[in-house]
Amino acid sequence: MALEQILKPQDYATDVHNDWCPGCGDFGILRTIQMALAELKLDPYRVAMVSGIGCSAKTIHYIKTYGVHTLHGRVLPVAQGVKLANPGLEVVAVGGDGDGMGIGGAHFVNAGRRNLDMLYVLFDNGVYGLTKGQASPTLKLGVQTKSLAHPNINEAVNPIWLALAAGATWVGRGYSYDVKHLKDLIIQGIRHRGYAFLDVLQPCPTYNDINTKEWYGGEDRAEMNGGRPLPRVYKLEAEAFDPEVHDPSEIELKASKALEKSLEWGDRIPIGVFYRNEHVPIYGDRIQQRIPTYYTTPPAVQTIAGPRGEPLTDLSKLLDRLTIKPS
Amino acid sequence: MTGKPPKVNDLSWMIGGPQGSGVDSSANAFARACAHGGLNVFGKREYYSNIKGEHSYFTVRAVTGTVRSHIDETHVLATFDAETAFRHVREVTDDGAIVYDPGLGKTRISDVPTIEPRLEEELRTYLIARGLGETLGDMLASAKQRGVALVPIPYSDLLTKVADEFKVDALSKIARMVNMLAVGASFGILHFDFETLVKALDDVFRSKSGIVKMNTSAARKAYDLGASLAPDLAYRLESIPRPEPRLFLSGSQATALGKLYGGLRVQTYYPITPASDESEFLESNEVLELKEPEEADSHFVKDKGASVLVVQTEDEISSVTMACGAALTGARAATATSGPGFCLMMEGIGYSSINEIPLVITLYQRAGPSTGMPTRHEQGDLRFALHAGHGESPRILLASGDFEEMIRDAVHSLNFAERYQMPVIHLVDKALANNSGTIPVPDLSDLRIDRGLLLTDGAGFSAEHPYKRFDLRNGPVSARAVIGQHGTLFWNTGDEHDEFGHITEDPGLRDMMMEKRDAKLQLAAKDIADPIKFHYVGPKDAETVIVSWGSTKGAILDALDRLRAEKASVGFLQLRLLNPFPGEAVMAHLAKAKRRIDIEMNFSGQLGGLIRERTGVDCTHHVVKYNGRPMSSSEVYDAVERIIHGKAEKRTVLTLGA
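Protein sequences appear in the order of chains E and V.
Its first residue numbered 1, the first sequence is counted upward by one per residue in our numbering.
Its first residue numbered 1, the second sequence is counted upward by one per residue in our numbering.
Everything hinted at is true.
Simulated crosslink set (BS3-like; lysine-lysine; CA at most 30 Å straight-line):
no.: 1; chain 1: V; residue 1: K208; chain 2: E; residue 2: K325
no.: 2; chain 1: E; residue 1: K8; chain 2: V; residue 2: K468
no.: 3; chain 1: V; residue 1: K468; chain 2: E; residue 2: K41
no.: 4; chain 1: V; residue 1: K173; chain 2: V; residue 2: K208
no.: 5; chain 1: E; residue 1: K325; chain 2: V; residue 2: K213
no.: 6; chain 1: E; residue 1: K317; chain 2: V; residue 2: K199
no.: 7; chain 1: V; residue 1: K7; chain 2: E; residue 2: K325
no.: 8; chain 1: E; residue 1: K325; chain 2: V; residue 2: K199
no.: 9; chain 1: V; residue 1: K161; chain 2: V; residue 2: K106
no.: 10; chain 1: E; residue 1: K325; chain 2: V; residue 2: K291
If you want the footprint, here are the derived chain V segments under chain E, 3+ residues with CB under 8 Å:
no.: 11; region: 279-291
no.: 12; region: 324-332
no.: 13; region: 480-490
Note that these hints are calculated values from the structure, not bench results.
In this text, all values refer to a predicted model and were calculated from it rather than measured experimentally.
We treat Cβ as the ideally placed atom computed from N, Cα and C, and that holds for glycine.
Okay, chain E solo, but in the shape it has when bound (with noise of 0.2 Å):
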């Protein structure tokens, strides 16, 4: 799948007007995507890029690969429907917390059991955007972003402990304003062979007024650092924590680490690799194992009828079963 030629990330942009409010978190996910794609050296004609609802979801049309803008909720049963029908392919689902936590909750449960071989990336900023600031499942509760008329009713969701729970087998958080950083993560997401999950964090600049690049950046905190910011922010391999499964017998110890970094929040937030695990079969190879040519030839190009248009489905040995011999 890899390029002969050097793509540059701008050789993997479109000439599509981009509408996202000035100072955006999405520039910096969308930017570190066609870095990461020029790096990965990928074909833009066997890349997917799939979307759910929102500002997240423009996404795809900024980028020259093939692109589907689905519905509200609705990127991870396309994106899968792709891939599972053509498992050569490279997919990478993007989608905003609302898209992904909220309405396409049960579809994010259930991509996490089947553990297909693709990347999602959530983008996480706590509110609606394109429908001006209501509060989204990330919404911590108490917290009023300025369209809110009282501060946030709902406890908010934990993506990354959710994803642990529903099987993603690779789960990371970034933060937009790191590109080098978020852009490392997508490579590693998009490497790993399973279903990959990745948190961004990314202020919307327009309606949440509360968890800022500034507030992530702890500008806040300059007093207590003599006058230097002090980030909210931290990487987790600064700390040196390994998030890998070594052996399929560390599960239980890698997914509580992993669960007990997921919970921090407020002072410290921690971005990195949380999990990764490539013990689980990834669903393509479940699938092989009941039907041997799956990799060889998937259901995309499978040639169903023959010069003729005849159709070349043998179902002589079905209609043999059921077939009532003379008598």
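We have chain E already, so just place chain V on it with the hints.
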């Protein structure tokens, strides 16, 4: 008995029992045995939304000629529990027979907790009117008063003998075999060739020779007893020569076969009655075989393997959108569901429509609204399927009326979805799904795969002349590329889009895209062949024309045979393509008839309304049914006969069925 010659090979047989007691497999054995004896059979299955304990029953019609429906009367009723007898004794004809367990004679109606209060009251009234009490013995006595032959089969005695013979230590281990005893006894009183049953048991218990032997022995004992208890019943079954092979299948299997033949390669589904059977059949047969092409072709390379991938999803929203994703890669993709699941699929229909994604939804209608009666029949979703989804999203609706049509329409649906690049809803229903029976082996050699304007590569496109998925220049159908193809990048969105597939709110483009999508429907209306659009039977200028759609076809055709034998001038217009609507067929065959009878398995006469809307033609009479039980040919016959003789109101409601 009267000494009249017996009625040979024109039988309506029924078996009933608690769910989970093997009613289905015994009926399957009975029907297969009849088929092995050369007879044609039609089976109808009725069951509750329940796993174990509630009453289910199965009727089998066995005849020499053609049979496409059930009738209301039962000639032989096979029971092994009290409830079946209580419920169905009244349906047995005076010259018929009832097989029953004499040990249950003292059971009272009130001892059967699964009989609904309304029915309990009705039965009690019925028995009191005949000067009888309220036990099963009384119920049977009421039948005997009418001349019905009673055939007591002491099931536990016979089972004890089987247990002794096969050294089974506990009777409970073979208690389930009562169902085959009931079948054996039925064949005994019908004096049918026992060897056909041996063949059928071999089919039913495939590759389990011990079980076959035991069941055969049990059935034989009951057969001999039955034959001795009712030596001269008015009904007989006789084996006849049948030189040509036939298929014995169910409707769910028929659709699945059609989908496989039509090149289906991905099927998604969420479990729902009565649609799941189709997906389960597909999954059980996921590894496929390929034929050689019809003519040798040096350029043609056959694939190394073929398969259909069946995915059970988390809900129907996922089913429909996952199928869209699969279709975008070039795989023929479909999903199958029933009303409640179809409700969840609407956003997928709109998405498929606006993005011109080939998508097939097989809709097994069942009694609604809401959960309705999950295991019961209705054709209540015509209007729903036609309009499901917000906005205006062109789709094709095709409705099958029998097994062969289910096979063919599954292929047509997959073809139309790709040819017109839009969703196709294949309407079937509970009755079709669960019916089973024999049909001539269909000749499918005329069927072709039509993938429409499908690009096989990106040749001819460049940076200067980029591929446009929704190209507006060459007619309403644009060349379709698939994800993964070199040179043909495209984008999809649920938003209105430009020619590349990017979001637009430009009013001019919006108009063009709306018109493009609709023009494809007009194209379909023009070039879909008449035999797919409709089917007309009867004289050209029939005085009375019945119009209907879907599974009522069998009952109507069987009723039509009787009506026409009586020289009635009556025809039947079966509409198959329901969108785009074949108005010309209505004008040609229905508009001028003196009596225009709309027959439908729903409350409001949805097709009748649609005909009026699309053609201005008003049906003079409506025959509807909505009690969840399919129409019988006898009901249809009676209703039409009354209409022809001016004895009916404008609207007739059919109410039969248990």
